[in-house]
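> Sequence:
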Amino acid sequence: MAVARVVCPVFIGRESELSLLEDSLLSAIRGDGGVVVLGGEAGMGKSRLVRELARRAERLGCVVMSGTCSEAELSLPYLPFLEGIGNYLTRQDVPALRERLGPAAAELGQLFPQMGHAGAVTADPMMSKLRLFEAIILLLTDAARSRGLLAVVEDLHWADPATRELVDYATRRLRSTRVMMLATYRTDEMHRKHALVPSIQAWRRSGQAQLLDINALDAQGVKAMVTCIFDEVEVSDEFRDFVHDRSEGNPFVLEEMLRDAIDHGDIFRTDKGWDRKSVHEIRLPATVRDTILQRLERLQPMEVEVLSAASAIGFTFDLATVAAVTGKPEPAVAGALESCVNNQLLEEADRATGRYCFRHALTREAVYEDIVATRRQQLHARIAEVLESRPDWKAIDLAHHLLMAGSYEQAVGMCVAAAEAAISARAYRDAADLFERAIPHVKDSVERGRLMCRAADAYWNNTETLAAKALLEQGIADLEAAGLTVEAAGHRLLLGRCYWELQRPDLAREQFTRAKDVLETAGPSEALAVAYVRLSGLEVFDSSGDYGLEYAQRATEIARASGSSMALAWSWNFAALGLVYTGRIAEAYQYFEDSYAAAAKGGHDFQMRNAIGNAAWTAIHLGYGRIAKDWADRYTGVPAESYSIYLRGLLTLHEGRVEPAMALARTALQGARDAGNDKNVWRSRVLLAHALAEAMRPDDAANELPPLSSRVENQDSVYDTAARVRARLAAGDAQGAFQGAHGFDPTRADLGSPADAISEAAMSEPEWLRSFVERLPNHPVDWQLIRAEVARGRLALAEGRLEDAVRTLGRAVMSFRDEGFLLDAWHASRALGEAQFNAGATEQARALLEETIAEAESAGALLAGKLARETAARLGVEVSAHVAVVEPQTRTADVGPTGERMVSVLFADVRGFTEMTGESAPAQLADRIGSLQRWAAQEVGRHSGIVDKFAGDAVMATFNVSGQTVDHALQAVKAAVAIIDKAALVDLPVGAGVAVGPAVVGRLAKSANVSVLGSVTNLAARLQAEAGAGEVVMSDETHRRVGDWLEAGGYTAERVTLHLKGFAQPVTAFRLEARAGIRA
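Residue numbers in the sequence shown follow the working numbering, run continuously in steps of one, and reach 1243 at the last position.
Hint data in this document are derived by calculation from the structure and do not stem from the laboratory.
Straight-line distance between alpha carbons at most 20 Å, and here's what the computed DMTMM-like set of lysine to aspartate or glutamate pairs gives:
#, residue 1, residue 2
1, Lys356, Glu460
2, Lys1137, Asp195
3, Lys632, Glu599
4, Lys606, Glu572
5, Lys679, Glu650
6, Lys356, Asp318
7, Lys1029, Glu1014
8, Lys792, Glu756
9, Lys632, Asp837
Generate the whole structure from the sequences, applying the supplied hints.
What follows is the structure in structure tokens.
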């Protein structure tokens, strides 16, 4: 089913430009008008910006006039003013207007007959024009007399001379008025001789007009648009980068491209949401292509011929090649290229070498697709001849042009040579594409099978499991049919790995064993060593460390015998895992180091990444964050793939940074899905569920958690048990959490993990917990298993052995903190606090629980904070109810050392927000609240404050966190007034409260965010609750500090006495009305 339109429902990527326009509009309302000129290429969103600003202007009660210039070669003079003012006059009492304008009304009669008879024409045409211009300015200022005027002139690049002159005149006459004139123009139309260029240059030099350029969206902006259009949580980096490159960040092109893809079934809806075909199947929409091709109509026939030949050569090309391909003299070709440059279709890439490039990739694509098929083949054949005649030809270029020319036999050899060069450059996906382009044109079944296996290897090295599996199954069959069983056995090792990544370890073992048996008959070889490495991995993943070590040691022997540096490096990696599971951890990490160093030295990328991943994952589960981080940091410079992203997410989560961990989990999940790697899909879903649980989103966590039946190896329960336990705790289901813990076999906790999470869920079942702890692996271990220590400490607490509990849990918490694993420390700290309290150290327990709550909640670890609060409540320990948490992205001030200082606190929120949620479309309301939060962050930062937190429609900010701002109360009030005024632009009635008082400010732990603790936050919150729409209610102390400013600005603040919750005595406050804000 075709979709009529695909339009982003919210405003994205233009926040800074819109903010500048909003500032100009508010300045005009306050009597400081002027002209703003907005430039950008076609489709960049100029008109959308204009519409957004017009909506805001209308909400503020401003008059909006709008007119558009015509692209017709001949158009009426002053056309946009005729349109905008003409529409305005139809709604006015014209006789009253004529009376207000006086003699100027007659001047306007030249353009608007309803304004009266035109005045007599004078002998001096310049004076006549000046009087007309003055009359128009007078009309605009009259329209602005009440609440201001926004006058829009769109498409100024098509303006008639009279319109250009009038806009130029307005740049000098609208100062000190309540008129904002906004003109837009296309920068891609601005060739050197365009009539508008001198005006733009003059305005830029003189500053008479504010010039604002709107540029292409970056990749993140494109991603945000796609997620909003399809209402998806995440978009893969591959798809983001593809649509960004294809659309070049142009919003119109992006929307048209997505609409076209839906119409053609390239993007389609399934039961689980939106899905898509390969990104390479998404084409350039006809609407975009036709828009581009219209610009070719101004070219001469030879110029079009030259441009077409250039489009077949590629995005960049040189003069000599185009001349050789077209057979035209170089001077003539140079002239044609210069014309294309002047028409902004091409750019000079390097004048010295005569190299050119298309100004936009979309232009090249549109021109190329407009060439008929037979002509394209002829062009490519000629280009291949020209390139091959040169000594510096490249296989990749010849391969492309030979294929496009239909010269397939020649093209196959070039494709293979180019693929081999791509593999050497680690460009595995490029290599896979080249092999696949060659395969259909290879007639010999053995050679075709070999190319399939080589393509599969390239796909797998690019983490594309499904594509690799399909090619391997066919390629192996072709090789075995020809009797090449040993060669095929080597490829079965990769096929087995693909099965494992697709969650079929049984089929993987079958392939590894089958390959090993065949390869053993041929003597020691690299492939045979790899077979033992793979079998070692299956044993380790199934928690059989002894067998895993035995297979790895056999792999080492064969690797040495066969002289394979790759297999030798890899065998040490799995020997390390076997040693870990037998308790020899220090020795294991030396093996990891040896494996990593040997793989790096030999250029064995996968084996190097594998060593990093196994060493980091192991350290995370052991509880050693510094070691884990050291290994994860070695991914720097290594291409990101789903497992490395997953691993960073897991590390980030244990560090206590919940939101970033969630984002990494989603990125890893999308990458794994795109690659068809079911194993990494499963891991990433588990990580995402865990992060969601820690963020107190239990329903979302439950939806992400894979079913228990999805476990296929013993190791899987180490991955997912903590997530399952925390998801039930977040849901308030203690019994469900215990059931999740109950199913774990303690003999699999060789690393100590997940004993800490299990014991958290089993505190109410001390007998079961003792049985669990007693069945943990008891072989000698040369490193402390911190997570197992937490379980033992909780058991001591449950059994009343308080001295043991305080000592054991205290050691574990300190270890977690030292290792930077704050999430684990926060969860363990509530048990430590309870042990301290029961042991009589009540003040120590209170301080620990309050610190835990502040740190956890400040980092977004809401589950850990909630559980600590529940522990405190159960023990009767009173902790602070108001902890202000500074969000990292808005923290701009120098906080300084933790301590008490005088601060100003601002609370603001939307009046009647609950009612709005039932009356407004969710996307529209989200857009408006997003604007409010953006403005609040900008205004708070502009007034030297920091945003503590956003909570839906509410914002809290603190001023003077550094202790170095003298006028912090004034800055807080100014910020409150500005936020209220700007909120009115999107029809949001906002009230605010401001209070001044002492607070403890700082980072309560080394890596925690900034917190603000004190009764002043409570006072500001209560004052804000008393504020009506468009009001600031400030404390007595705040008013005392800003009195002079209020008086100078003509503000009047009403003294009121308030009875506030939590305050024993009445509170004196002052109620101030902002000026542009929406009133109650």
